[in-house]
Amino acid sequence: MRARWLGRALSILLAALTLVLVVRAIAPWDPMFESPLTPRVILGLGTWGKFLFLLVASVASTLIVGKFEPRTTTRTAWLLLCAGIIAICLGQACFVTYQFILNRKVVYPSLADIFFMISYPLVIGALVLFLRAYKESGFPIGPASERVWLAAGVALLCAVGGYPILKPLIVNPGAPLKTLLNVLYPILDCILLILAVLLIRISLRFRGGTIWRVWVMLLGGFVSLCAGDTLFAYYLEFDWVEVGDLIDALFLLGYGLVALGIVYQRELLA
Amino acid sequence: MPGLPIAASVRKNTSEVLETISRVLEPYIGKLMARTSAAAHCNDLGIRSVTVDGLQIEALLEKLGLALVIFLGKDKAGTVVDDMRKAIEALGEPR
Numbered sequence: 001m002r003a004r005w006l007g008r009a010l011s012i013l014l015a016a017l018t019l020v021l022v023v024r025a026i027a028p029w030d031p032m033f034e035s036p037l038t039p040r041v042i043l044g045l046g047t048w049g050k051f052l053f054l055l056v057a058s059v060a061s062t063l064i065v066g067k068f069e070p071r072t073t074t075r076t077a078w079l080l081l082c083a084g085i086i087a088i089c090l091g092q093a094c095f096v097t098y099q100f101i102l103n104r105k106v107v108y109p110s111l112a113d114i115f116f117m118i119s120y121p122l123v124i125g126a127l128v129l130f131l132r133a134y135k136e137s138g139f140p141i142g143p144a145s146e147r148v149w150l151a152a153g154v155a156l157l158c159a160v161g162g163y164p165i166l167k168p169l170i171v172n173p174g175a176p177l178k179t180l181l182n183v184l185y186p187i188l189d190c191i192l193l194i195l196a197v198l199l200i201r202i203s204l205r206f207r208g209g210t211i212w213r214v215w216v217m218l219l220g221g222f223v224s225l226c227a228g229d230t231l232f233a234y235y236l237e238f239d240w241v242e243v244g245d246l247i248d249a250l251f252l253l254g255y256g257l258v259a260l261g262i263v264y265q266r267e268l269l270a
Numbered sequence: 001m002p003g004l005p006i007a008a009s010v011r012k013n014t015s016e017v018l019e020t021i022s023r024v025l026e027p028y029i030g031k032l033m034a035r036t037s038a039a040a041h042c043n044d045l046g047i048r049s050v051t052v053d054g055l056q057i058e059a060l061l062e063k064l065g066l067a068l069v070i071f072l073g074k075d076k077a078g079t080v081v082d083d084m085r086k087a088i089e090a091l092g093e094p095r
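Sequence lines, in order, name chains A and B.
The first sequence begins at 1 in this note's numbering and counts up by one.
The second sequence begins at 1 in this note's numbering and counts up by one.
Among the hints, a few may not be true.
For each label pair, taking beta carbons as the anchor points, the in silico distance ranges come out as [stated by the list, open to error]:
(1) L4/B to A152/A: 33 to 43 Å
(2) D44/B to A151/A: 19 to 29 Å
(3) L204/A to S9/B: 26 to 36 Å
(4) M32/A to D75/B: 24 to 34 Å
(5) K86/B to P70/A: 28 to 38 Å
(6) D83/B to W29/A: 40 to 50 Å
(7) D44/B to A155/A: 42 to 52 Å
(8) P109/A to G46/B: 51 to 61 Å
(9) S145/A to L91/B: 34 to 44 Å
(10) K86/B to Y235/A: 52 to 62 Å
Capping the alpha-carbon separation at 30 Å, the derived lysine-lysine pairs in DSBU-like fashion look like this [claimed, not checked]:
(11) K135/A to K74/B
(12) K86/B to K135/A
(13) K86/B to K31/B
(14) K74/B to K63/B
(15) K76/B to K31/B
(16) K135/A to K63/B
(17) K63/B to K31/B
(18) K76/B to K63/B
(19) K67/A to K86/B
(20) K178/A to K86/B
(21) K167/A to K105/A
(22) K67/A to K63/B
(23) K63/B to K178/A
(24) K67/A to K31/B
(25) K76/B to K86/B
(26) K167/A to K67/A
(27) K178/A to K167/A
(28) K31/B to K135/A
(29) K31/B to K74/B
(30) K63/B to K86/B
(31) K67/A to K178/A
(32) K67/A to K74/B
(33) K86/B to K74/B
Note that these hints are calculated values from the structure, not bench results.
Just so you know, even glycine gets a beta-carbon here, dropped at the ideal spot from N, CA and C.
Next up, chain B with everything else stripped away, as it sits in the complex:
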C-alpha cells in the first residue's frame, strides 16, 4: 500500500532532502550513484532553490521510483519510495 503523498504546503531544505534520499537509496544503488542520481533528477526537474515544497518532493520521488522499477519491480520500488517519503517527512522545517 503506497504511503500518502507529502502535503504541497510542506517545505524542506533541498540539500537535506537530497541527503536523505541518497541515504535510503545507497544500499540498493551504491553511494556514488545514489548521490549523483538524486542530484541529476533534481536538476532535471529544475529544482535549484534552497528549499523545496511538497509538490517538488513528490515529483522527485516519482522520477526516482520510475527509475527503481526497472531494477526492483513495482512493489519493491514502491516500498523504497515510501521509505524515502517517511525519512523526508521526519526532517525538520528549513532553518
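So here's chain A without its partners, still in its complex pose:
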C-alpha cells in the first residue's frame, strides 16, 4: 500500500520536474524563467530532485536485497546494484553540498566523480549477473544470436557516437585526470548501454506483466543516464552550452526512472 502511494507520488514529481527542465531547454527565454523559476530555483529543482530520487532508490534497493536467498545470482546482482546506486547517491550528495551548503560552483573533475567512477563496475557487474539470471530462469528469452547481433549493433552505434568525443582527447590530451575521466566515462557508458539494451530486449518478452514494468523503468533509467553522459561529453568538448538543461533533464529522468523501477520491484516483492 505504502509502496503504491510512493510510486504514484514519485511518478508525478518526476513528470513535473522533467517537464520544467525540458520546457527550459526548449524555451529558455520564456519570462517564467526570470521569475519565479529563476536559475537558482531551476538548479535547486534539478539537484535536490535527483538527490531525492537516488535516496529513495538507495533505501528501497537495500530492502530488496534481503528478499532474495543468500548465495544466489539474483541476490548478488541486487547487492551490486544497491551498492552502485548508493555510490551515485553519494556523488549527487557532493553536488548538493557544493551548490547549496558551500554555495560554490561544482568544478570538473570533483569529489563526486570518485563516487560516480566507483558506481560503474558495481552497476555493470549487477547487469551482467541479471543477464545470467534471466538466462538461467528457464523462461524463453529468445536466441543467443539475437543478443549477439543486438550487442554488436549498440557497440557500433556507441563507436559512431563516441568517435567525435574520444578522437580530440587522444590526439590532443589535456590535464591527465580530466582526460582519463573523459575517456573512461564514454567507454563505461557504452558497456552499460549494451547491457541495458540487451536486458530491455529480454524484458519486452514479459510485456503486460509487473516484471516488465519494473525492468523497463529501471533499464530505461540507465539508457537515459548514458544519453545524458554522452551529451555532457559533447557539452565539454564542443562547448554546447545550449544543451545544459537537456543534460539536466536526462539525468533527472534517468535517476527518477531507476528509483521508480526499484520502488515497483519492492512493491512486487511485498
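Use these hints to put chain B onto chain A, whose structure you have.
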C-alpha cells in the same frame, strides 16, 4: 507456509492445467510469456498426453517456481506457486 502438494493420484486435463497456470502467471510475466513458458516447461518435462497426474503437475509447478524466484524472491514465488496449485485443484476431473 507452502501449500500441500497435489496428490499423485489426481488427474487433470493438460490443456486446462496449462491455461490455469497461464492465468495465474499473466499479471506477473504478461500473457505471451505466461503461455509460452507454461508450454515450454511442460515440453521440457516430456508431458505430452491429454491428462497429467499430480506428480507431473508438482514437477511443473516446481520448475515454474524456480524460474519465478529469480524475479520475485522465494517468498513471493512460493505464494504464486500456491495460487497456481489452488487454482489447479479447483479444476474438475478430466472429461
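Is the distance from the Cβ of S145/A to the Cβ of L91/B consistent with 34 to 44 Å? holds (39 Å)
For the pair we were handed, K67/A and K86/B, check the Cα-Cα distance against 30 Å. Status holds; Cα separation ~24 Å.
State, for the Cβ atoms of M32/A and D75/B, whether the hinted interval 24 to 34 Å holds or is violated. violated (49 Å)
Holds or violated: K31/B and K74/B, Cα atoms, limit 30 Å. holds (22 Å)
K167/A and K67/A: Cα distance at most 30 Å? Status violated; Cα separation ~46 Å.
Kindly confirm whether 40 to 50 Å is satisfied by the beta carbon distance between D83/B and W29/A. violated (57 Å)
For K74/B and K63/B, compute the direct alpha-carbon distance and say whether it is at most 30 Å. Measuring from Cα to Cα gives roughly 13 Å; hence the hint holds.
Hinted pair K67/A and K63/B, Cα distance within 30 Å: holds (20 Å)
Quick one: are L204/A and S9/B within 26 to 36 Å, going by C-beta? Roughly 42 Å apart at Cβ, these two residues miss the hinted range, so it is violated.
Given the hint that K167/A pairs with K105/A, does the C-alpha gap stay at or below 30 Å? holds (29 Å)
Tell me if the beta carbons of K86/B and P70/A are separated by a distance inside 28 to 38 Å. holds (29 Å)
Compare the distance between the alpha carbons of K63/B and K178/A with 30 Å, and conclude whether the hinted pair is satisfied. It is violated: about 51 Å lies between the C-alpha atoms, which goes past 30 Å.
The structure fails hints 1, 3, 4, 6, 7, 20, 23, 26, 31 (numbered hints given earlier, in ascending order).
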